[in-house]
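Chemist: For the record, the sequence lines run as chains U and F.
Residue numbering for the first sequence follows the working numbering, beginning at 191 and increasing consecutively.
Residue numbering for the second sequence follows the working numbering, beginning at 232 and increasing consecutively.
Misleading hints may appear alongside valid ones.
Said to hold, decoys possible - Think about it this way: if two alpha-carbon atoms lie no more than 27 Å apart in a straight line, the pair counts; the simulated DSS-like pairs of lysine-lysine are:
#1 Lys240/F / Lys374/F
#2 Lys584/F / Lys494/F
#3 Lys254/F / Lys276/U
#4 Lys584/F / Lys236/U
#5 Lys438/F / Lys240/F
#6 Lys276/U / Lys273/F
#7 Lys276/U / Lys368/F
Hint data in this document are derived by calculation from the structure and do not stem from the laboratory.
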Amino acid sequence: MSEVRFTDQHEWVRLEGDEATVGITRHAAEQLGDVVFVELPQAGRKVGAGAEAAVVESVKAASEVYAPVGGEVTAANGALEAEPAKVNEDPEGAGWFFKLKLADKAEFAKLMDAAAYQEFVKGL
Amino acid sequence: MTDTNDTLKQTPLHALHLELGGKMVPFAGYAMPVQYPAGILKEHLHTREKAGLFDVSHMGQAFLSGADPARVLEQVTPADIQGIPEGMQRYGLLLNDEGGIKDDFMTTRLAGEAALYLVVNAAMKDADFAYMGERLKGKADLKPAPERALLALQGPLAADALERHAPGVSQMTFMQARRIAVAGVPAIVSRTGYTGEDGFEISIDGKDAERVARALLAEPDVLPIGLGARDSLRLEAGLCLYGHDMDESTDPVEANLVWSLGKRRKEARDYPGADRISGHLADGAGKKRVGLRPEGRAPAREGTEIADKTGRVIGRVTSGGFGPSLNAPLAMGYVESAFAANGTKLDLLVRGKALGAEVVAMPFVPNRYKRAKK
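With these hints in hand, go ahead and build the complete structure from the sequences.
Modeler: The structure is reproduced here in structure tokens:
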């Protein structure tokens, strides 16, 4: 069973066991426009919740991607380096950014569920 | 954000932008479409491949009349305004007394008309018109034309598309300008633009703007293009954006825009800041605007520090991003003149990392202007 949560910085995080997969939401991808470059964290890097972990750039601007939860990076989606457009095509699937080993489950529980995130986006 | 939007000015095409799904953002005091549903990347590529229509009605248009407006206008610019032939447009720089660039602008001498037609940048128009008005007072009469709209139709198929609504325009060549009806509406059409492509700028009364825009958008090869793609297109074309790639702290030599100085003007030294600029022309300036190609895929944005290979900071990026036609990142910026030669290897300090880059000639993408045959 996996569970997906969302941040107010428009990242999503899917938790399977203690492995968290992180990406940016469809809303974020639409707002950014065509993604032309991503910078991903190295495996082994430790990030705290809310820390800058990756960068996503559209034609127009660069944006940080924050780690929704703290932990150690276990993998990065290297496919995005050759095909950054995957972030627009499938932001909440093949367009994932990195995976990390979750340090504290309570951090995950504090994030918004899908319904709460939908409400949050509506209010923007 | 809501408050800001309430006070933003709108161009005569505002309702059309909303209808077309334009994503409106504040720019130079106006609500302007940064992109339409196609997105910046597609809009950019479409303009290079076919034709794109841009609303640039936020730009400042004016007419300068008087006994000899060309001679008078030369008091604020080093361009050869008196030498503009009838039916031609010319690029010029508006300078302060120290030779700093206050703006860049276009001057048109329409056939059979005494008044000059001017177009200045949107963000600078109030300041420019106040400065020109004050400097030229009593000698020429500057009349801003806020009632006019301005459209740009750019791309290799622009001439075909516009010809169907303004027979004869395809015979014009680069930098020519004339009065002609477009879709039945009186217009000033010039074969110019800000994309590096062949194309036209079309000045019309604001009340006619939607009619003309709709007629052009009905052409199968024409898509509406937002400010986002306008910026990536002009950057690939190596064209400056005022307030970024030049400002009052830079002079024409530093900005690498010496070509816009009239030969007669350089010799006569009769323009604002002539002492400083003549010195720079003779001995070179300390810094120079150059094109940069980053080695990897990471764009280097405006403000990025430029360092030499020893790590010493020798300049700064003034415009940078990703070029959709180049399919690579690109930038322009100022470097110390010793590092300005094409082929010089430098580093761009992006997020704390030194990324290799090379100084390159501009434009980044070859321009395709329809020049007159010599």
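Chemist: Mind checking the alpha carbons of Lys584/F and Lys494/F for me, to see if they're no more than 27 Å apart?
Modeler: Not satisfied, since the Cα-Cα distance of roughly 44 Å exceeds 27 Å.
Chemist: Holds or violated: Lys254/F with Lys276/U, Cα cutoff 27 Å?
Modeler: 22 Å, holds
Chemist: Sort out whether Lys236/U lies within 27 Å of Lys584/F, counting only the CA atoms.
Modeler: Holds: Lys584/F and Lys236/U sit about 19 Å apart, inside 27 Å.
Chemist: Are Lys276/U and Lys273/F close enough, with their CA atoms no more than 27 Å apart?
Modeler: Cα-Cα ~16 Å, so holds.
Chemist: Check whether the Cα positions of Lys240/F and Lys374/F lie no farther apart than 27 Å.
Modeler: 20 Å, holds
Chemist: Please verify whether Lys438/F and Lys240/F have alpha carbons no more than 27 Å apart.
Modeler: Holds, because 16 Å separates the two Cα atoms, which is no more than 27 Å.
Chemist: If you draw a straight line from the CA of Lys276/U to the CA of Lys368/F, is it 27 Å or shorter?
Modeler: Violated: Lys276/U and Lys368/F sit about 58 Å apart, past 27 Å.
The structure does not agree with the numbered hints 2, 7 stated previously, though it agrees with the rest.
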